[in-house]
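Given only the sequences and the hints, what does the whole structure look like? Please build it.
Going by this note's numbering, the first residue of the sequence shown is number 329, and it counts up by one from there.
Keep in mind that the hints are not guaranteed to be accurate.
[Stated by the list, open to error] Below, a list of computed lysine to aspartate or glutamate pairs in the DMTMM-like style, where the Cα atoms sit at most 20 Å apart:
1. Lys398 / Asp353
2. Lys332 / Asp353
3. Lys398 / Glu370
4. Lys331 / Asp353
[Claimed, not checked] Derived DEER-like restraints, expressed as beta-carbon distance ranges:
5. Glu413 / Gln362: 55 to 61 Å
6. Ser351 / Arg416: 53 to 59 Å
7. Ser348 / Asn376: 20 to 26 Å
8. Ala414 / Pro387: 55 to 61 Å
9. Arg402 / Gln362: 31 to 37 Å
10. Gly357 / Asn393: 15 to 21 Å
Derived by calculation from the structure, the hints in this document are not laboratory data.
Owing to the predicted nature of the structure, the values given are computational and were not obtained by experimental measurement.
Cβ coordinates follow ideal geometry from the N, Cα and C atoms, glycine included.
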Amino acid sequence: MIKKIIITTNTREEMKELISSGSIDMNCGGPSKQADGTFVVEAYVPDNSLESVRSLGFPIEVVENLSRSKLEFRQQEVGSGDRYEAGRIAPQGLGIKR
Numbered sequence: 329m330i331k332k333i334i335i336t337t338n339t340r341e342e343m344k345e346l347i348s349s350g351s352i353d354m355n356c357g358g359p360s361k362q363a364d365g366t367f368v369v370e371a372y373v374p375d376n377s378l379e380s381v382r383s384l385g386f387p388i389e390v391v392e393n394l395s396r397s398k399l400e401f402r403q404q405e406v407g408s409g410d411r412y413e414a415g416r417i418a419p420q421g422l423g424i425k426r
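This is how it looks when you write it as structure tokens:
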């Protein structure tokens with residue numbers, strides 16, 4: 329599973345250290361300076377890397393479980409019932425008959 333997280337640092341130097349550690353994927357994003365002077369960055373990490381990112385010592389907020397939310401979204405597209413009516417209706421499409 330992939331987690332979307334927000335990481336906060338107190339200084340620009342700490343943010344540079346975090347980014348140069350190579351342990352996060354910012355997905356083409358970057359850090360931003362907040363009104364209170366802190367720096368935040370959105371990042372994406374697999375579950376098995378979350379603890380190693382936490383061990384860097386910066387505050388982390390897990391915003392979303394992307395794998396779970398994407399799965400739930402896609403499950404809404406799946407129909408229910410038997411669209412082939414127990415074999416009485418043939419499948420349609422671009423399949424190649426061999």
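- Out of the numbered hints, which ones does the structure contradict? none
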